[in-house]
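**Student:** Given next are the chains, with one letter for each unit.
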Amino acid sequence: MRIDSFLKEEIKQVVKESKRNNSKEPKEEKNKQRSAEELAKQHKAISVAEFFEKNRHLLGFDNNRKALLTTVKEAVDNSLDACEEARILPEIYVELIDMGNNRFRVIVEDNGPGIVKQNIPFVFGKLLYGSKFHRLKQSRGQQGIGISAAVLYSQLTTGRATKVMSRTGKDKPAHLYELRINTLKNEPEILKEEIIEWEKEHGTRIELDLVGSYYRGAQSVDEYIKQTSIVNPHATFIYVTPDGEQRIYARVSETLPKEPKEIKPHPYGLEIGTLVKMLKLTKEKTILSFLKKEFSRVSDKVAKEILEKASVAPNEKPSQITREQAERIIDAISKTKILPPPLDCLSEIGEELIKKGLMKEVNAEFYEAVTRKPSVYKGYPFIIEAGIAYGGELPKDSPANVMRFANKIPLLYQAGSCAFTKTVIAMDWKKYGLNQPKGALPVGPLVILVHIASVWVPYTNEAKEAVANYPEIIKEVKLALQEVGRKLGKYLSKKRNVESEIKKRGYIEKYIPHISFAVKDILDLDESMKLELETKLKQILEHVRGKIEKVGFDKESNKEFDEEFKLKVHSHGIVDEIYLDEVDENESKG
Amino acid sequence: MSQRDDVLYKIQELAEQIKDDILNLRNPKIRIPVRSLNNVYFDPVKGHFTIKSKVKTRRLTASTARSFAQTLRMLALAKELIITNDIATKREAYYTAYNWLEARFQNQQESDATMDDIEAMLYTIRENLGFIPEERGGDVVGPLIVKDRDQDGNVLKIDCSNMGSGAYSVPSNVEKLEFETKADFILAIETSGMFQRLVKHKFWNKMNCILVSMSGVPTRATRRFIRKLSDDMNLPVYVFTDGDPYGWLNIYRTLKVGSGNAAHLNEFFCVPRAKYLGVTAQDIIDYDLPTHPLKDVDIKRIYDGLKNDPFVKYHKDWQENLKLQLKLKKRAEQQALAKYGLNFVITDYLPKKLKDKNSWLS
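Protein sequence lines, in the order shown, are assigned to chains A and B. Sequential numbering from 1 applies to the first sequence in my numbering. Sequential numbering from 1001 applies to the second sequence in my numbering.
Warning: the hint list may mix true and false statements.
Straight-line distance between alpha carbons at most 25 Å, and here's what the computed DSS-like set of lysine-lysine pairs gives [what the hints assert, rightly or not]: (1) B:K1275 / A:K504; (2) B:K1056 / A:K538; (3) B:K1010 / A:K520; (4) A:K520 / B:K1029; (5) A:K258 / A:K192; (6) B:K1206 / B:K1275; (7) A:K538 / A:K550.
Here are some chain A residues the structure puts well away from chain B; computed CB gaps all over 10 Å [as the list claims (entries may be wrong)]: (8) K137; (9) Q325; (10) K373; (11) Y470; (12) H514.
To be clear, the hints were calculated from the coordinates, so they are not data collected in a lab. Glycine is no exception: its CB is placed at the ideal position from the N, C-alpha and C atoms.
Sequences and hints are given; from them, build the entire structure.
**Tutor:** So, in structure tokens, the structure goes:
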């Protein structure tokens, strides 16, 4: 069972139990032996807050540094998803304000479609409220845990409420909410609700205060935004760092990515837990129509074949199917030939845009990208894309910077256990003219980008930070990397040729004066004739050896890269408004 | 027109051609005959190695620009020597080139090779360019008067039969020498040890011949001296070396038909009428000589000779001699004849060999 389902079940349980146990638990005395009943009671009494504490590593809030990143990430991912679904070119503003004492204010504002008034409290104030849980569609959002978890984290660490502003259109009013999560009921608590003036026609803005810490470099908010802008070249980001630097990541494409299509699950990826749950929730009357309607590529004939192999009657009610029968169905599926899932449901970035994305953020001399054809693992369609930037201003002697992406989200943690990193290391980069220590990343001025687009990205663990080692996926990654690698190799060998030609010419030119000197001496010529001979010899050299093709790095040639945008100091002013009184710390702990 | 004027004209002609090429934006080039064994053939009529048509071209490429420039500068130096009627030894030429900065020679072999290239290119001997060899010539003793001149042009007569225990030393340039002799033949000897013995016992007097010591592979001057003496006085030439591949294929073959490296000069330097007296492989058997086993280099040299040497390939008796030695796996020195007494070589071996033409090799 996937962790999302696991979390959802757990939260439901937690909420149910805490509603039932309204009475407060007696405080435990130290060293006192506890009965099994007491332990059971205690277990039942945990609140959503305690659940969060228990699972914060799954939710991306392991430590202060990561908490800051996760909060920004959840908000930005939501904004990008919302904009794309509404077919709006995203323009996203991110600001981090250092409020001292490890407290930060995170502000994320988008120009998305906005959220209808009545949904606002639930989107931000109820765990697992999302709209994405029950569907198979390529999207960034993590099934509705993310942003509300950030709200909860903010509330638990600072006691502050979250401020949300949203407007759905020009003729609609803008709403401001101040929200918290009732940790006992997993329900939103509205502290303030009002209609406000907002110059934006549509969009959403969220402000959260939280305990975090800000660093630069790898695994930072800076890096997350930079990488996000690379794989979302249709989006503009304006990012104000805690130091007051404003960085603009301007869009380089005016075209929105193709909208991914929602598909039904393919039977080949089905697991027993999911099947049991689907059987419970379905509206279909018979098991036969359940199979035909709830899955892709299951025709009447295929469904009957499955049921026959599983020895289950076609007219059985789904809710009546036993676990044993369900297991037999799973087994029968694996023995039945079913067409692969439809592959047009994915939205790739595209070769041109990957190149442009890299160009605008990395000032290199060579760019290449490839988008593979869709492929399938365990019934889930996926596409692998790879990109490369080489040379220029990239550091020369450090290992390649491998940027990993899943559904256009940067993966910043767990690089070592990720199938992408492993595949990069396993490849022979020496073939393409690069240095590579044994069992390590290639070394050189190199950025390697790998992206998987899928309706269901297989992660190695709950935290969704690394892609799992499926042979089908590794194979595609390898093919993609080989293709860009070959092109890089070709470029490098051309560059080497030109360099050696320049060297050779310099060498030959050294001897030109000797030739003219000797001819002058033998024929008793004058100095001006000697000089003429030298000029002519140089012309001959140029003519004989041809024009040298220009390769290598030219700082000015990359039109997409704008240094001005990279560092713009911006004064964001002082935090002038504390918009909510301190909340009682004890209360939020439940 | 003297020989040197002729050479000067050739140098200027070549420079003119290069200047012309450059001014007309043509890639200038120098064509030089390839000096190696695989670019010569044995010409039975002329009796020496003759160069084939293979040439190497130097022009403005990374691998040849340096030697292109060096060749031209060496030509300029030769022109200078001719104009000023001066000479330079090979070593002096090498040091002169020390001022050529990046065009200087790495070592003397390089400058010597360039000099050889120029000889081949201009089809002349370097003595005509003003470059003289460092090495001294061989020693000569016998019934011979050499007429030389001093700096003032006075004729000096040198009697080679009157040198006491010493010998007349061949000068580096023999072109101006004249001879008077009533000798019957010239005997060229590999080692100075054997030469000393023959001189001491006045072998030259007994047999009425001129003895020349080569001390290994004969120098250009020695070869030119033997050739000139043989031509001018119409004397046959016999050669006496160790019975090993070095004595045969390096010393004798070079003297008779020339070498691959100097194929362009063979015409002037080799002695096609020379005949090989001994020690032959058959001698080792016939005289039951004390021997040494063949070294690896000897064996390699024999195979190489059989396979690649145009001279050996043309002469069946030489092939048989080499094959016989391969079979014996043995070699013998000239001095091995001392087995039968120190003067056996004078009293028996040489007189016997000189009478028996069938025991000679061509």
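**Student:** Determine for every hint whether it applies to the structure shown.
**Tutor:** Cross-check of the supplied hints:
1. Proposed proximity of K1275 of chain B and K504 of chain A is contradicted: the alpha carbons are some 52 Å apart, above 25 Å.
2. A C-alpha spacing of about 23 Å is found between K1056 of chain B and K538 of chain A, which places the hinted pair at or below 25 Å, so the restraint holds.
3. Annotation: proposed proximity of K1010 of chain B to K520 of chain A holds, straight-line Cα distance about 16 Å (limit 25 Å).
4. Among the hinted pairs, K520 of chain A with K1029 of chain B is consistent with the structure: their alpha-carbon atoms are about 16 Å apart, no more than 25 Å.
5. Of the pairs offered as hints, the one joining K258 of chain A and K192 of chain A is violated, with about 38 Å between alpha carbons and a cut-off of 25 Å exceeded.
6. Taken as a hint, the K1206 of chain B and K1275 of chain B pair is honoured in the structure, with Cα atoms around 20 Å apart against an allowance of 25 Å.
7. Distance hint between K538 of chain A and K550 of chain A is fulfilled; the C-alpha atoms sit about 19 Å from each other, no more than 25 Å.
8. With a cut of 10 Å on Cβ distances, K137 of chain A stays outside the contact zone with chain B, its closest approach being about 61 Å.
9. No beta-carbon of chain B is positioned within 10 Å of the beta-carbon of Q325 of chain A; the least distance is around 80 Å.
10. No beta-carbon of chain B is positioned within 10 Å of the beta-carbon of K373 of chain A; the least distance is around 46 Å.
11. Every CB of chain B lies more than 10 Å from the CB of Y470 of chain A, the least distance being 52 Å, so the non-interface label holds.
12. A cut-off of 10 Å between C-beta atoms contradicts the statement that H514 of chain A is not in contact with chain B; the least separation is 4 Å.
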